[in-house]
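With the hints in hand, could you dock these two chains into one complex?
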Amino acid sequence: MAAPQTKADPNAARLAAIRLPEGGVWASEARSAALGRLTAMGLPRRRDEYWRWTDAAALNAAEAAPAATFDPRERPPFDSVDRLKVVFVDGVFDPAASDDLSGAGIEIGRLAEAGERDIHWARHLYGRLEAAGQTPVARPFAALNTATATDGVLIRATGTAARPVALIYLRRSETSDAVLHHVVRVEPGASVTVLESGPAAARLNKVMEVDVAEGGAFHHVRVQGRDHERRAVTHLFARVGKAATFKSFTLTKNGRLTRNEAVIDIAGDGAVAHIAGACVGDGDFHHDDTVFVTHGAVGCESRQVFKKVLRAGATGVFQGKILVKPGAQQTDGYQLSQSLLLDEASQFLAKPELEIYADDVKCSHGSTSGAIDETALFYLRSRGVPAAEATDLLVLAFLAEALDEVEDEALRDEIRGRLDGWLARHRK
Amino acid sequence: MLEIKNLHVKLEEEDKAILKGVDLTVGAGSVHAIMGPNGSGKSTLSYVLAGREGYEVTEGSATLEGTDLLALEPEERAAAGLFLAFQYPVEIPGVGNMTFLRTAVNSQRKARGEAEMSAAEFLKVVREKAKALNIDAEMLKRPVNVGFSGGEKKRNEILQMAMLEPRMCILDETDSGLDVDAMRLVADGVNALRDAGRAFLVITHYQRLLDHIRPDVVHIMADGRIVKTGGPELALLVEEQGYADILAEVA
Ligand SMILES: Nc1ncnc2c1ncn2[C@@H]1O[C@H](COP(=O)(O)OP(=O)(O)OP(=O)(O)O)[C@@H](O)[C@H]1O
Ligand SMILES: [Mg+2]
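Top to bottom, those sequences are chains A and B.
Per the working numbering, the very first residue in the first sequence carries number 1; after that it's consecutive.
Per the working numbering, the very first residue in the second sequence carries number 1001; after that it's consecutive.
Read the hints as simulated data drawn from the structure, not as lab findings.
Everything numeric in this text was worked out from a predicted model, so none of it was measured.
No residue lacks a Cβ here, since even glycine has one placed at the ideal position from N, Cα and C.
Watch out, some of these pointers could steer you wrong.
Among the chain A residues that face chain B by a calculated CB cut under 7 Å, a handful are [stated by the list, open to error]:
#1 A371
#2 A376
#3 F378
#4 Y379
#5 R381
#6 A388
#7 T391
#8 G417
#9 L419
#10 L423
#11 A424
#12 R427
Examples of chain B residues toward chain A, derived with CB under 8 Å [claimed, not checked]:
#13 R1052
#14 A1078
#15 Q1087
#16 V1090
#17 G1094
#18 A1111
Chain B extracted, bound-state conformation (with noise of 0.2 Å):
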């Protein structure tokens, strides 16, 4: 599904190398998370895949089941069927959520060359996939993200993937600020969407989030690089012992 070679990236604006050549094969059905120290780089990593200015690959490949995503505008990349859930997901002011959502939508299946969703249509499955969030209508009237709180907004991330139906997801730490319940929500809504020709990348700092999503693979970042990868263990490990055990085996 999703493969990442030797990826070097620096900030446009500044002789600043973050990524320092990440290597990470995705397959289709799976899950895999990514933990790491602040800074280390995994949003980062999430902005390079989804196509956002100020970064400069300097070396390496990103491809999306075989296309080179690196190549591809952040619109096409979206409808090529890659998905980020934003760390911190951008209030829009004046643009209505239910708006957004339906553009989004019908952008996609335009460009993949399939026919728009009616208003009805649309109307009667967002209606749906918003109640299993917890989101109400009010908050689909409102500006895309004003006014809500922290969880509200993780929960409207979810809520686009949801409608979206991407093969490749990244969640980037869609887990921080939410209440026990609201992690369990945004759990099922995951889980929901799993299936043989779908992956996720979840990178999240805590084991609970992982305890509803059961990922098949950990990895750990560090300064810019993959510097170790396990199993499910491997998380609880992180979680028990913190990072400078691991970090310090693999210096």
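Chain A with its partners taken away, still in its complex shape (with noise of 0.2 Å):
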């Protein structure tokens, strides 16, 4: 007779058929090591403190739900940049597609043969900010990242890079689960801009741990869209060192689920760290900003800047904290997370958190939910621009500040395109 069943894992089953894959000595060691972790911490629920307002279950299943392909007849993103292509289809390089991996200042492996090699710069990188990135905030699916992942790319900067690397992710197959895992080091000194554009797959689960060494200026703008069904976890470690720079700008469009995770370790004195988002979202469209930003050193700046458009029954989540550690004074954070609402059908969930403990800091949080300003838009109604145009200037608008991290100037004209494209389309 078979034994009573108690109150079982739901996620037992995915945890239990999880199989490594094969590779070399350190990489394997790597897997290893957060497989541990994972059974560990076990998948994400509802009851978890940061997974209570986005659903993990199409995440947590063992299979990707199918996901229509979407041609979004337009020239692709950062196309009018000269950058170096490196190219993935549903989550596997493709080196027909992709440029030479070589470039001044800087040096790019893929992890399916670094894993190989015994002696890698990345062997003492991979999976080690992820690791340290899971506590005090367990982080499943990016230790379930670092545990599965055969491919993604290792970016190693040794000085200014010449042009931006460009991770683009093409799909075209409609069951497509993928898990990419990328590693970057930016050498005392140097910089690197990564660009990152494409749906990926049905469902896509990526990581990129980043690290930036005294002086080094890491750039990172990436464009998600436009498959209006796909899911995605991303995780974004980053440990910022002395003097270093740390700068991200995400845009996000369309898309069933999108959790973004950034998980930023200031340990370098005079560091800075900037996170931005901006997301337009319209109907079935779920995006998760969560962030976590730790300083951990002195005279240090932090931002975050997110900013969501709403509309038609679409969800906005963000959590993010600033967390100040003992000692790390003269720190300057910045934490601004707004939603505008083009409907009462939408909706935006916030938990903005401090939590200090040193003395000499200056900290500042703001989360807003609003609707189009009526009074303004009156004003440009009244001087003869048409009430669909000068909503779009509102919300352009709205997005302002988010757009403005991203430094350089024909990337966010980029951006602006791609919001302007959005927008047009979007218009009642």
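Structure, rendered in structure tokens:
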């Protein structure tokens, strides 16, 4: 007779079924360690503090739910920017579509190959920032990623990279379930810009670990779009060294589910870390930014600027924290999360948090949710600007502070162009 | 030009009548002034003409050169040639003044089936007109009215009017908050636009603006109606005596 079933973890079967990829020494060590972490923490559940507002079921499921591919019929993002293209199709590197993986000031390798080599700079980084980022809040999908990723790139900036590295994620399959893991190391005084774009897969789990050494600079601009049914969970783990700069901006359009986590460890004195996001969502759209910035050094600046435009039943989530450790004096921390609700069917859920253990600290945070300013709208219309265009102007004005976080003008124009396109398509 | 007949307006949200039968005809080429106590309905009249939400017309009509204004959207009224200089100009963070002006000019041109103004031409014209109003390049770059002083906001309204070249200009207390020099600039801006094909309706509390912009007709509004109409001397009378005697006389 079978033993009576007690309350089993619904995710236990998924965990038990995980098979680690074959691979070289250090990669397999990192994978086993990650699987150990994942098994200990379990997959997310509703009762978990940071999963109350985002349903992880589709991400927890053994297989990716089919998601129709979508032809956006537009110029690909960053098309006008001179860049080194690294192309993945359904989560698999496509050498034929990619550029030669070499350039001035930069080394690029594939995770799939590097894992085989015993001596590789990435062995001290792969899974390390992810592991460090698991406390105080568990990030199970990141551990799952480290355990199971077989593809991704290892980027090492040794000088001033001549042109941005563009990671382009194409998608052909309706059922692709991609796991990508990138590692970026910016050597002292070096700098690189990494661009990301494309829908990637029906379901994507992506991790990027970024280690910026003293005086280095890392810039990241990402466009997530536009397949309507795709789902994605992404993690950005960063360690920012002394007098180093880390800046990341993400534009998200469409997609059924997007959970973007950023875990930033400001570790060196005088470092600067900015993370920003703009998302525009319509209908069956759930977008979640979960950000954790830790100040662990003196005289550092951090900025979080997240703006969401939501309509026709879209949902936006923001969970953002600034943690200032004891001794992290002269910290300047800023956090802003705002939503513009274009109708009453849409909603914004926000959990801004400050936790401060140093006394000489300047930290501010603000979270607001509001509708279009009717007075401003009337003013614009009274000057002859049609209602739809006037609304778009106000939407762009709302997003401006987030877009301003993209320093490079050409890249900012790219983002503006994407937004203009979205707004034009969504005019009433 | 502008013909208002027996206009009755109440608030949409509550049962409160504000305009109680306004009759007013402003002919092309003329300048009319409206004076009247606080709360008499002057701004409400201007808002209703411009198409602001929140008001309900219960009776009467308003036409601009024969076109039923009340049936048009605010942007259509603007394209038809109506302009309102707001008593309280609106701040719009994130929208650059230049972008705003250019979008407005070109939207109206498009609506009228005219060619859009090129960027270069626009820049030239706007610089010229801004200079006449003592508006510097920095103010043009800033977000619309954000951080502008009261007087700067009013001059910015006149700049918009000068760029849009409307045929029916309504100025709601454009003089309030202006220093003596700014008042001159604003009046000069208005006078420069005066011509046979254009009309002005100037709402004001003070004679001083009317010294510079000489009105043809002066109306007194009280409790939602035009209660007295006369020549420029009526404004002088208000300045000297206030409204009490005038209102007592018509009551
Ligand atoms: N949206 C509104 N809600 C409530 N009351 C309103 C509204 N709009 C106008 N009113 C009321 O209608 C009356 C007329 O207001 P209006 O602003 O038109 O006066 P005004 O003649 O322009 O006054 P002022 O000289 O002070 O500018 C006032 O009693 C005002 O409080
Ligand atoms: Mg008024």
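Tested hints:
1. At a threshold of 7 Å, the smallest CB-CB gap from A:A371 to chain B is about 14 Å, leaving the interface hint violated.
2. This hint holds: A:A376 has a C-beta 5 Å from the nearest C-beta of chain B, less than the 7 Å allowed.
3. Interface restraint check for A:F378: the shortest CB-CB distance to chain B comes to about 5 Å, inside 7 Å, so the restraint holds.
4. Restraint check, A:Y379 versus chain B: the minimum CB separation of about 4 Å is within 7 Å; hint holds.
5. Of the supplied interface hints, the one on A:R381 holds, with its beta-carbon coming within about 4 Å of a beta-carbon of chain B, less than 7 Å.
6. With a least beta-carbon distance of about 10 Å to chain B, the hint placing A:A388 at the interface is violated under the 7 Å criterion.
7. Taking 7 Å as the C-beta cut-off, the interface hint given for A:T391 is violated, the closest approach to chain B being about 12 Å.
8. Taken as an interface hint, A:G417 does not check out: its beta carbon lies about 16 Å from the nearest beta carbon of chain B, beyond 7 Å.
9. Because the closest C-beta pair between A:L419 and chain B is about 13 Å apart, greater than 7 Å, the hint is violated.
10. A least Cβ separation of about 14 Å between A:L423 and chain B goes past the 7 Å threshold, and the interface hint is therefore violated.
11. With its C-beta approaching chain B no nearer than about 14 Å, A:A424 sits outside the 7 Å limit, and its interface hint is violated.
12. Interface restraint check: A:R427 against chain B, minimum CB-CB distance 14 Å, threshold 7 Å, status violated.
13. Interface restraint check for B:R1052: the shortest CB-CB distance to chain A comes to about 5 Å, inside 8 Å, so the restraint holds.
14. Look at B:A1078: its Cβ gets to within about 4 Å of chain A, closer than 8 Å, so that hint holds up.
15. The interface hint given for B:Q1087 is violated, since its Cβ lies 12 Å from the closest Cβ of chain A, which is over the 8 Å cut-off.
16. The interface hint given for B:V1090 holds, since its Cβ lies 4 Å from the closest Cβ of chain A, which is under the 8 Å cut-off.
17. Because the closest C-beta pair between B:G1094 and chain A is about 3 Å apart, less than 8 Å, the hint holds.
18. Given hint, B:A1111 at the interface with chain A, holds; its Cβ is 7 Å from that chain's nearest Cβ, closer than 8 Å.
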